[in-house]
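> Here is what each chain is made of, one letter per residue.
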Amino acid sequence: MEPPNLYPVKLYVYDLSKGLARRLSPIMLGKQLEGIWHTSIVVHKDEFFFGSGGISSCSPGGTLLGPPDTVVDVGNTEVTEEIFLEYLSSLGESLFRGEAYNLFEHNCNTFSNEVAQFLTGRKIPSYITDLPSEVLSTPFGQALRPFLDSIQIQPPGGNSVGRPNGQS
Amino acid sequence: MPQIISRTPRMPQSRCPAGVPADGNSSPSVIRVIVKTPGHLNSFPVAGDTSVRQFKENLSAHFQCQMDQLVLVSMGCLLKDHDILSHRGIKDGQTIHVVIKSKYGSRSLAHSFQNLSMNNPCHQDRSTKGNSSRVCQSAGMGQTKEESSLLMGSDAPNVGTQSPEVDSPEHTAQMLENLCVQRMLSNIDFMRQLISEHPDMQELLQQNPEISHLIDNSEILCHTLELARHLAVIQEIMQINQPAQNLEHLLNPQPYLGLETIPNGNNALGQTYDFNDQMLNGMHDLLGGNSFTTLLAGQVVEQVQTPSPFPLPSEEQLVCPPARDIYANSCGLSSITPTNPTLSIAHDASRENPASVTTEGQSHVCAIQQPAGIPTLLSTVVTQELQEDDKGTAIPVGSSDQGLERDLQQSGEQTSSQLTGGMVQLLRNYPYMAAQMLLLMNMPQQNEQWRQQTPTSLQSSQLSELLLALANPKTSQAILQIEHGLQLLATEFPILLPCIEPYLLGLGWFPPSSCSYPDAVPWTLNVSDMTEPECGPQSGTVLQKSQPQSGDPSYFLQSPEVHFHKQMEHLQALGFVNDDANLQALIATDGDTNAAVHKLKRSQES
Numbered sequence: 001m002e003p004p005n006l007y008p009v010k011l012y013v014y015d016l017s018k019g020l021a022r023r024l025s026p027i028m029l030g031k032q033l034e035g036i037w038h039t040s041i042v043v044h045k046d047e048f049f050f051g052s053g054g055i056s057s058c059s060p061g062g063t064l065l066g067p068p069d070t071v072v073d074v075g076n077t078e079v080t081e082e083i084f085l086e087y088l089s090s091l092g093e094s095l096f097r098g099e100a101y102n103l104f105e106h107n108c109n110t111f112s113n114e115v116a117q118f119l120t121g122r123k124i125p126s127y128i129t130d131l132p133s134e135v136l137s138t139p140f141g142q143a144l145r146p147f148l149d150s151i152q153i154q155p156p157g158g159n160s161v162g163r164p165n166g167q168s
Numbered sequence: 001m002p003q004i005i006s007r008t009p010r011m012p013q014s015r016c017p018a019g020v021p022a023d024g025n026s027s028p029s030v031i032r033v034i035v036k037t038p039g040h041l042n043s044f045p046v047a048g049d050t051s052v053r054q055f056k057e058n059l060s061a062h063f064q065c066q067m068d069q070l071v072l073v074s075m076g077c078l079l080k081d082h083d084i085l086s087h088r089g090i091k092d093g094q095t096i097h098v099v100i101k102s103k104y105g106s107r108s109l110a111h112s113f114q115n116l117s118m119n120n121p122c123h124q125d126r127s128t129k130g131n132s133s134r135v136c137q138s139a140g141m142g143q144t145k146e147e148s149s150l151l152m153g154s155d156a157p158n159v160g161t162q163s164p165e166v167d168s169p170e171h172t173a174q175m176l177e178n179l180c181v182q183r184m185l186s187n188i189d190f191m192r193q194l195i196s197e198h199p200d201m202q203e204l205l206q207q208n209p210e211i212s213h214l215i216d217n218s219e220i221l222c223h224t225l226e227l228a229r230h231l232a233v234i235q236e237i238m239q240i241n242q243p244a245q246n247l248e249h250l251l252n253p254q255p256y257l258g259l260e261t262i263p264n265g266n267n268a269l270g271q272t273y274d275f276n277d278q279m280l281n282g283m284h285d286l287l288g289g290n291s292f293t294t295l296l297a298g299q300v301v302e303q304v305q306t307p308s309p310f311p312l313p314s315e316e317q318l319v320c321p322p323a324r325d326i327y328a329n330s331c332g333l334s335s336i337t338p339t340n341p342t343l344s345i346a347h348d349a350s351r352e353n354p355a356s357v358t359t360e361g362q363s364h365v366c367a368i369q370q371p372a373g374i375p376t377l378l379s380t381v382v383t384q385e386l387q388e389d390d391k392g393t394a395i396p397v398g399s400s401d402q403g404l405e406r407d408l409q410q411s412g413e414q415t416s417s418q419l420t421g422g423m424v425q426l427l428r429n430y431p432y433m434a435a436q437m438l439l440l441m442n443m444p445q446q447n448e449q450w451r452q453q454t455p456t457s458l459q460s461s462q463l464s465e466l467l468l469a470l471a472n473p474k475t476s477q478a479i480l481q482i483e484h485g486l487q488l489l490a491t492e493f494p495i496l497l498p499c500i501e502p503y504l505l506g507l508g509w510f511p512p513s514s515c516s517y518p519d520a521v522p523w524t525l526n527v528s529d530m531t532e533p534e535c536g537p538q539s540g541t542v543l544q545k546s547q548p549q550s551g552d553p554s555y556f557l558q559s560p561e562v563h564f565h566k567q568m569e570h571l572q573a574l575g576f577v578n579d580d581a582n583l584q585a586l587i588a589t590d591g592d593t594n595a596a597v598h599k600l601k602r603s604q605e606s
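If you read the sequences in order, they're chains E and H.
First residue of the first sequence? That's 1 in UniProt numbering, and the numbers climb one at a time after it.
First residue of the second sequence? That's 1 in UniProt numbering, and the numbers climb one at a time after it.
In isolation and in its complexed conformation, chain H is listed as follows:
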């Protein structure tokens, strides 16, 4: 039972029998009842033979509401006024739930099963009304004040009953034809204020400053508003569920898009549609997530063809502003380039940030790949809280569309790769973890079992010892050195490759010829898409050689020797001949030569 959080001042219980002590516990007829409202928990001492009605009177005084607003629920039963508490089985310490009804009448879920239209319309509709009513209130313009009351007046009964009509396009049409709405729309200043001060719009602007000129350009505004008035045109846009050809048809006749006037041409195209969509969203309810994605995905026909509306609305439900989402989505899958510069693997830089940012990339992967109907772990829109360093990472849409297409085609094969992909991203940032997993996965006997996909029969004690051993940083160091050695062999003496192949396999590298481990390939594929700025020119690992199609340098575990090459030379020049110690010092100081020198000196003297 829930603990008592607060104790209310004792209610004047004139109906209680005289002589009841103040704290009420000792008397058998007074029980302490826990009253639970959403968000609050109170304890009420009350006589066992109190009627519900009397109890309600007390509560209404306490909660400062009318008695008929109170609904008492206990053990799933509604408590009626004439009931006696003890007769209903309310004992000491029992919880009574209280619901305080709002002053307005009843409401029902608009999407309930009677309703045949899409789920989205009602959500949008509610927010539409919400927006417009908020706008009305904040408009503060003399002439619209009375109109706003008109609007609210017409809204209230609708909102009150929320009958299925609410969701139909007719209602939207009615709303549009409403005189005051028309007047609102035609008032340019007001609309500009509305648009620029809407929080969503402001967030959009923050991330994409280049569209600010769109908002300033009154001609574009005018055209868009005209567009907004004509439901037919909007519905035409709605039907951009067709393949991209329709989209292009639609694009051409609209002069105000004026691609040549908008900087970044094609990129801005996606952005303007974002912007327009934002506006349309605020006005109409039929705009499902479909047009969002189709407008942006453009050439990605596969996406468009999957009929399910479900995954797409999720993008609107996400915490982050839609535009940012869509950018991340279209930037695709594992190749989230702008977030990468903030990453630094294996250098103990802020661990939380990279982890969450990368998985954001991965999470949006998952959101897009839903239409393909792939079962995934945590991928039903696993969204991340966006970090501040995401802001300002404007990503050109056009360049990544092809990537998106290609990746979506690959997606059909990577059924469990979402899981492994997400794990890989994570492991890159927790290199010790990676070493553990690596070793676990590559022990020969366990390897077999893993591949056969049966659970391994590790005893838990064995496993914990294993993990402890692996958690030792020297272990991962040693593995790195082995890897480095093998890499050297592979590059310098490729003739030896067949001889060392079993060792490579053991360490988890898979030469291109024998890609017979499909579940492991996605590991490398996903990882290979991460770019690291400082590792570009360096000679790649064997991984890189075996994944030529990735195109990017790929580093599963980058050897510190390679990374600290320059610093090692420095140290050697300074007279520290012990390479191993130098390497250790450099790793410990994160590449700082001076600090490493100090460290080495200190250890030499000790």
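Just chain E, same shape as in the assembly:
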């Protein structure tokens, strides 16, 4: 039996603050944050991420954020592109609709984590998923919470991933 095809899965990590968080976080929050992380999963030569517009895809590094600040190797997957797209479509209809976006609880990193586990069984690094709780554990973060809660992030440059209309 021939070995199954393995496709590499990468995690692209972007710092939305472009270094400002590293400099300003000690004074503003009282603790050191290395960045405000936005992540996306790159597999089958496409980049997938979740934002306020739902699940989007583009060519790797193709959002306005430009090339990623860090690339994390998540592993390999046997899941084919076809199955993966089906999976994403059903995710996009259930858990990851655009309106479900919440900066703290259900953001791009939640999505990346979910997808990474589906594809490889592994989670993404914890410093990324722990970011919201890090921020919220500071008085400044707590004070800003109502404001931050209503922020929605959608890096431009992607296309929606979803089933075409009329299909089940």
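Fair warning: there could be bad hints in the mix.
[Said to hold, decoys possible] Result set (DSSO-like, lysine-lysine): computed pairs, CA atoms no more than 27 Å apart in a straight line: (1) H:Lys36 x H:Lys80; (2) E:Lys45 x H:Lys91; (3) E:Lys10 x E:Lys123; (4) H:Lys566 x E:Lys123; (5) E:Lys123 x H:Lys474; (6) H:Lys91 x H:Lys80.
Quick caveat, the hints were computed from the structure, so don't treat them as lab data.
Chain E is already provided as a structure; the job is to place chain H on it using the hints.
Structure of chain H alone, referenced to chain E:
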């Protein structure tokens, strides 16, 4: 590992060894496997030596689908039918992901790397087809029913394969030439229904009632439909990536625009193009965000010249309806006038709303300024959920175009100002926060460090004590009083200005002569654009004097003494001579004289 959320009824496991207890945990060969589908999590007890195929049978019964629709994935491996679960390393408590394939065939991302054309076309195309198929279904018109099936028929194989052809303009042309589409387009009633009942159109109408006459005017509709049929004309419109001269050429020969018939002339121009664009959007796929912005930005050549298509499609991807977005965008940057009347700083009015509304203004700033390629914090389209009080704030486009232009020119200098600008907006609504930041920023030693842009070496304990001290409202009060005093000095005795300059600097005001702190200037610039209706005639702070170009009264922290001037006089007339107490009472009661009187009486008696 994910927690078990629900427990399914035990599947009839005829293949399990006899005598397996119901809950399956005690027997070594039966494991509990967590089955995860998008949106659902179930726990399945299953024998360890079950084959994948048998497991699939169970699952297909549970999920009510065909077996061949199921795809099982575990640890990144696809589970094949002949595999045995335990051999694949599936242990107790492990998660198996299940994907249920749709009944139709495979599909691929249309924009994948083979495709050279713009990303947008496929998105638009899909929505185009979506729209038309939805329309077909909802049309309910006898003659179009069979046409709709034709359309769906021709759509399905295309959608099924989603080959790169889909995105080409030829396909659009083909679609247009399709007989049933032509018939649809020519049926006026149907088109009117289509247009008026489209949700986007309805939202557009809600915000801009003046364009409703456009929809009613069948002549305009006709012309627009004619336009829609001719791909060449559309492509010409597409190429409005050229500077505005082209736009004007295009404007003139089109009689149906009839500016004189449309109220508000130039303003409606932007609106009609919005409207037309909406229609064209629904029909064609080549319409990138470029024409959107160019049509509206009009004279803003800088915008047009930046070639990147990326930021503009984002406006379509935004949650809010495009027209509202564009209005907010063109209204520009920090001068979002209609939202301001709902703001009231420092008076504890609904805090959430003003914060989100102002940052909406700021966020759209950021969306527009992307083409200049400025790195920003959270500005890659930081959009806000729009509040209901946004509705109905129709903003004339024309008047703010110049503002947009000017602001865009300034934008080149304000690299980190997006961050500070957004912060400033926020801080205006959280005055205690503002005081904290103010004090933090203005301690001399920290000031130096800040300016040198190296991280300060504050210890965290020190910082928290600091913040606690600053959170005391009396602190901000005291600062306000200092500010007021200095302001008085500056206005009454300008000769003393050089003497008190160091104190002014300390408090964060920067006289126009020494604008040597570029990162602080944007603070004042951005803030100065916020207008406050009741503060117009009052004498400005020193800030106002030092920023003559802003034109608007600018208030970083408005002194309550100034604000409650009248009420103070009242209280004095009533016999409350203690100014400080009066001020406190007025602040506490938010300017309500009667309540303040009661408060003062109570405190006097106590």
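> So, for every hint listed, does it hold in this structure?
Outcome of the hint check:
This hinted pair checks out: Lys36 of chain H and Lys80 of chain H have alpha carbons roughly 17 Å apart, not beyond 27 Å. Taking the CA atoms of Lys45 of chain E and Lys91 of chain H, the gap is near 32 Å; set against the 27 Å cutoff, the hint is violated. Restraint check: the Cα-Cα separation between Lys10 of chain E and Lys123 of chain E comes to about 12 Å, which is no more than 27 Å; the hinted pair holds. Proposed proximity of Lys566 of chain H and Lys123 of chain E is contradicted: the alpha carbons are some 63 Å apart, above 27 Å.
Taken as a hint, the Lys123 of chain E and Lys474 of chain H pair is broken in the structure, with Cα atoms around 48 Å apart against an allowance of 27 Å. Between Lys91 of chain H and Lys80 of chain H the CA atoms are separated by roughly 17 Å; this keeps the pair inside 27 Å, and the hint holds.
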